[in-house]
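Quick mapping for you: the protein sequence lines, in order, are chains A and B.
Using the working numbering, the letters of the first sequence correspond one by one to residues 1161 to 1468.
Using the working numbering, the letters of the second sequence correspond one by one to residues 1161 to 1468.
I should point out that these hints are in silico values taken from the structure, not numbers from a laboratory.
Hints should not be assumed to be uniformly reliable.
Given that identical chains are not distinguished, each listed pair holds provided it fits within a single copy or across any two copies.
Claimed, not checked - The calculated lysine to any residue pairs, modelled on SDA-like cross-linking and capped at a C-alpha distance of 25 Å, are: (1) Lys1359 <-> Ala1273; (2) Lys1359 <-> Glu1177; (3) Lys1359 <-> Arg1211; (4) Lys1359 <-> Gln1456; (5) Lys1359 <-> Gln1299; (6) Lys1359 <-> Pro1254; (7) Lys1359 <-> His1292; (8) Lys1199 <-> Glu1417; (9) Lys1359 <-> Leu1235; (10) Lys1199 <-> Ala1221; (11) Lys1359 <-> His1286; (12) Lys1199 <-> Leu1370; (13) Lys1359 <-> Ala1184; (14) Lys1199 <-> Gln1314; (15) Lys1359 <-> Arg1185; (16) Lys1359 <-> Leu1369; (17) Lys1359 <-> Ala1449; (18) Lys1359 <-> Ala1282.
2 protein chains.
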Amino acid sequence: MQLDSRQLAAFAAVLHEGSFEAAARALHVTPSAVSQRIKALEERLGRVLIRRGSPCAATEAGESLQRHAQQLQVLEAQALAPFGLEAGAAAALPLSIAVNADSLATWFVPALAAVRERHDIAIDLHVEDQDHSSELLRQGRVLAAVSAEPAPVQGCRVAPLGRMRYRAVASPAFMRRHFPRGVDDEALAQAPCNVFNQKDQLQARFLRLLTRRRLQPPQHRIPSTHGFIHAALHGLGWGMNPEDLVAPLLARGDLVELAPGCTLDVPLYWQRWSLEAPVLRTLSEAVAAAARAGLQPPDTPPNAGERR
Amino acid sequence: MQLDSRQLAAFAAVLHEGSFEAAARALHVTPSAVSQRIKALEERLGRVLIRRGSPCAATEAGESLQRHAQQLQVLEAQALAPFGLEAGAAAALPLSIAVNADSLATWFVPALAAVRERHDIAIDLHVEDQDHSSELLRQGRVLAAVSAEPAPVQGCRVAPLGRMRYRAVASPAFMRRHFPRGVDDEALAQAPCNVFNQKDQLQARFLRLLTRRRLQPPQHRIPSTHGFIHAALHGLGWGMNPEDLVAPLLARGDLVELAPGCTLDVPLYWQRWSLEAPVLRTLSEAVAAAARAGLQPPDTPPNAGERR
Chain A
1161 MQLDSRQLAA
1171 FAAVLHEGSF
1181 EAAARALHVT
1191 PSAVSQRIKA
1201 LEERLGRVLI
1211 RRGSPCAATE
1221 AGESLQRHAQ
1231 QLQVLEAQAL
1241 APFGLEAGAA
1251 AALPLSIAVN
1261 ADSLATWFVP
1271 ALAAVRERHD
1281 IAIDLHVEDQ
1291 DHSSELLRQG
1301 RVLAAVSAEP
1311 APVQGCRVAP
1321 LGRMRYRAVA
1331 SPAFMRRHFP
1341 RGVDDEALAQ
1351 APCNVFNQKD
1361 QLQARFLRLL
1371 TRRRLQPPQH
1381 RIPSTHGFIH
1391 AALHGLGWGM
1401 NPEDLVAPLL
1411 ARGDLVELAP
1421 GCTLDVPLYW
1431 QRWSLEAPVL
1441 RTLSEAVAAA
1451 ARAGLQPPDT
1461 PPNAGERR
Chain B
1161 MQLDSRQLAA
1171 FAAVLHEGSF
1181 EAAARALHVT
1191 PSAVSQRIKA
1201 LEERLGRVLI
1211 RRGSPCAATE
1221 AGESLQRHAQ
1231 QLQVLEAQAL
1241 APFGLEAGAA
1251 AALPLSIAVN
1261 ADSLATWFVP
1271 ALAAVRERHD
1281 IAIDLHVEDQ
1291 DHSSELLRQG
1301 RVLAAVSAEP
1311 APVQGCRVAP
1321 LGRMRYRAVA
1331 SPAFMRRHFP
1341 RGVDDEALAQ
1351 APCNVFNQKD
1361 QLQARFLRLL
1371 TRRRLQPPQH
1381 RIPSTHGFIH
1391 AALHGLGWGM
1401 NPEDLVAPLL
1411 ARGDLVELAP
1421 GCTLDVPLYW
1431 QRWSLEAPVL
1441 RTLSEAVAAA
1451 ARAGLQPPDT
1461 PPNAGERR
């Protein structure tokens, strides 16, 4: 049995664009043509592949097909490159990559520019916690990810990228108000801290490192790298921020460190599908180069970290 | 029939913390106590309220209860304030607010600092497109939102905040490469642009404004306010960026405008539940003040915008 390439392209486009209408525009066909192709594909495979909604999403059965469509595109691009032709079947599909928010706001983007120098391909970034990025790799929604997971996801290769360095910072006014007698256990138990989201354990790790206790101070959730820094600047709470972003603010005295000189490092890894494709190789090399320029070098990490 | 306050607190904590274990830690009880309270509440109401998963989420039946728990907390805080006491039943619940990414990265955070000056409450931000934020208001997951929706969500009041101003920018190298003969229709149809996500229509609006055509250039998706700026700086594509963030980069010549002087404004609105509660009033006043400081003044908007 062979899959129909136009049906597969319609399937991939609906998932990428989120609706049958938008997929039709992207493929330059009518919405009813898209609808017919999806229906034919679903009848052929005997399964519902797309959960109709806003946006449309892959069903569980659809996920394996999504992965196949992504792989097909990468392989076709490779096969057609010597002819100077673009990939056909799933040409609407861009290079989908998951990356954690702090990496995207700091060292990651130059890698994409390097890929674009050599490959004429659109790039589709997913901002995800590293926990979730393994799931996206498995589902076939992304073909590579910046992850905190050192063990390869099934069907993937993994390489260490380096360590993202964090410092605990707050505004001078916040320090005067919440730590008038210095940064002791009692004050740390009361002073509000900022966390990125439910999964962000960095502040808790810092508290354990400093106090050897499991403190539960009040928490604000600020799921935005720069909102997170603003929240420290405006005295909402203290928080762990990427060293590169807060260095100029520390130098100017707009922020101060809770424990000067104390850092937490989060090791990051590059998870990519095991496919021999030039575009994936270029991407992996470019990401490694950007990581060398923007992260602390990797080492044997005692502190496997969970992080945004 | 009256709801048991400890059961309701357990319900709210599981949804906020994402798991029974984390809720137990937050409430200083055992996980089995949390589990028993949730079960008792579900048996009492005859419905499954929480979809067990990672993270746990409200079922459809649970959503209306979530809204009730949020409202209860706000009202209790109001009733107890004269006694100098904190709210009880749902004290684990923070003030949940939805805000679009670009607002959070620019003008919004000072409003939170002003609220914290007067109310001892934790803040829980949800970064959402304005489309989605109406849904979060209805579900009871947030009690206020920065939204592009001018019509009040059911049970909410709405007030105009102002207009967020965007400019189309790219790197000088990108301009030389993709617009060697100037910014004409043909070049605009080919030059890659950055979009924030599936829903981001700003680049398409700019293209229609400039060319009066529906062009479909290649698109990169970069769902991060600062990643979006990096993507322009590193020549990945052109994109519509908040004026405040790109002004210094334009002044330095690191970025240039595609159509100098041409701006797009996105009107933003403040949607909040219709509850007479001091903390909501303080928040609304603080958000209005921050918007006055950080946005263009509102006017009768011909351009209802969809935006990140």
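Hint-by-hint comparison with the structure:
1. When the C-alpha separation of Lys1359 and Ala1273 is checked against a cutoff of 25 Å, the pair qualifies only between copies, where the shortest distance is 24 Å, while the shortest distance within a copy is 30 Å.
2. In this homomeric assembly, Lys1359 and Glu1177 come within 25 Å of each other (Cα to Cα) only across copies, at 9 Å, whereas the closest approach inside a single copy is 28 Å.
3. For the homomeric pair Lys1359 and Arg1211, the shortest alpha-carbon distance between copies (18 Å) is at most 25 Å, but the shortest distance inside one copy (28 Å) is not.
4. Taking the shortest Cα distances, Lys1359 and Gln1456 sit within 25 Å of each other inside one copy (23 Å), while across copies they are farther apart (36 Å).
5. For the identical chains of this complex, Lys1359 and Gln1299 are neighbours both inside a copy (21 Å) and across copies (22 Å), given an alpha-carbon limit of 25 Å.
6. Taking the shortest alpha-carbon separations for Lys1359 and Pro1254, only the inter-copy value of 17 Å comes in at or below 25 Å, while the best intra-copy value is 29 Å.
7. In this assembly of identical chains, the alpha carbons of Lys1359 and His1292 lie at most 25 Å apart whether taken from the same copy (10 Å) or from different copies (22 Å).
8. Taking the shortest alpha-carbon separations for Lys1199 and Glu1417, neither the intra-copy value of 59 Å nor the inter-copy value of 45 Å comes in at or below 25 Å.
9. Proximity of Lys1359 to Leu1235 under the C-alpha cut-off of 25 Å is found in neither arrangement, the shortest distances being 36 Å within a copy and 29 Å between copies.
10. In the homo-oligomer, the alpha carbons of Lys1199 and Ala1221 lie at most 25 Å apart inside one protomer (14 Å), although the nearest pairing across protomers, at 32 Å, exceeds that limit.
11. For the identical chains of this complex, Lys1359 and His1286 are neighbours both inside a copy (17 Å) and across copies (14 Å), given an alpha-carbon limit of 25 Å.
12. Neither within a single protomer nor between protomers do Lys1199 and Leu1370 lie at most 25 Å apart by alpha-carbon distance, with minima of 59 Å and 38 Å respectively.
13. When the C-alpha separation of Lys1359 and Ala1184 is checked against a cutoff of 25 Å, the pair qualifies only between copies, where the shortest distance is 16 Å, while the shortest distance within a copy is 38 Å.
14. For the homomeric pair Lys1199 and Gln1314, neither the shortest alpha-carbon distance inside one copy (30 Å) nor that between copies (36 Å) is at most 25 Å.
15. Proximity of Lys1359 to Arg1185 under the C-alpha cut-off of 25 Å is restricted to the inter-copy arrangement: shortest distance 15 Å between copies versus 38 Å within a copy.
16. Taking identical chains as interchangeable, the C-alpha atoms of Lys1359 and Leu1369 lie at most 25 Å apart only when both belong to the same chain, with a minimum of 18 Å there against 42 Å between chains.
17. Taking the shortest Cα distances, Lys1359 and Ala1449 never come within 25 Å of each other, neither inside one copy (28 Å) nor across copies (32 Å).
18. Taking the closest pair of Cα atoms, Lys1359 and Ala1282 come within 25 Å of each other only across two copies (17 Å); inside a single copy the shortest separation is 30 Å, beyond that limit.
Checked against the numbered hints given earlier, this structure breaks hints 8, 9, 12, 14 and 17; the rest are met.
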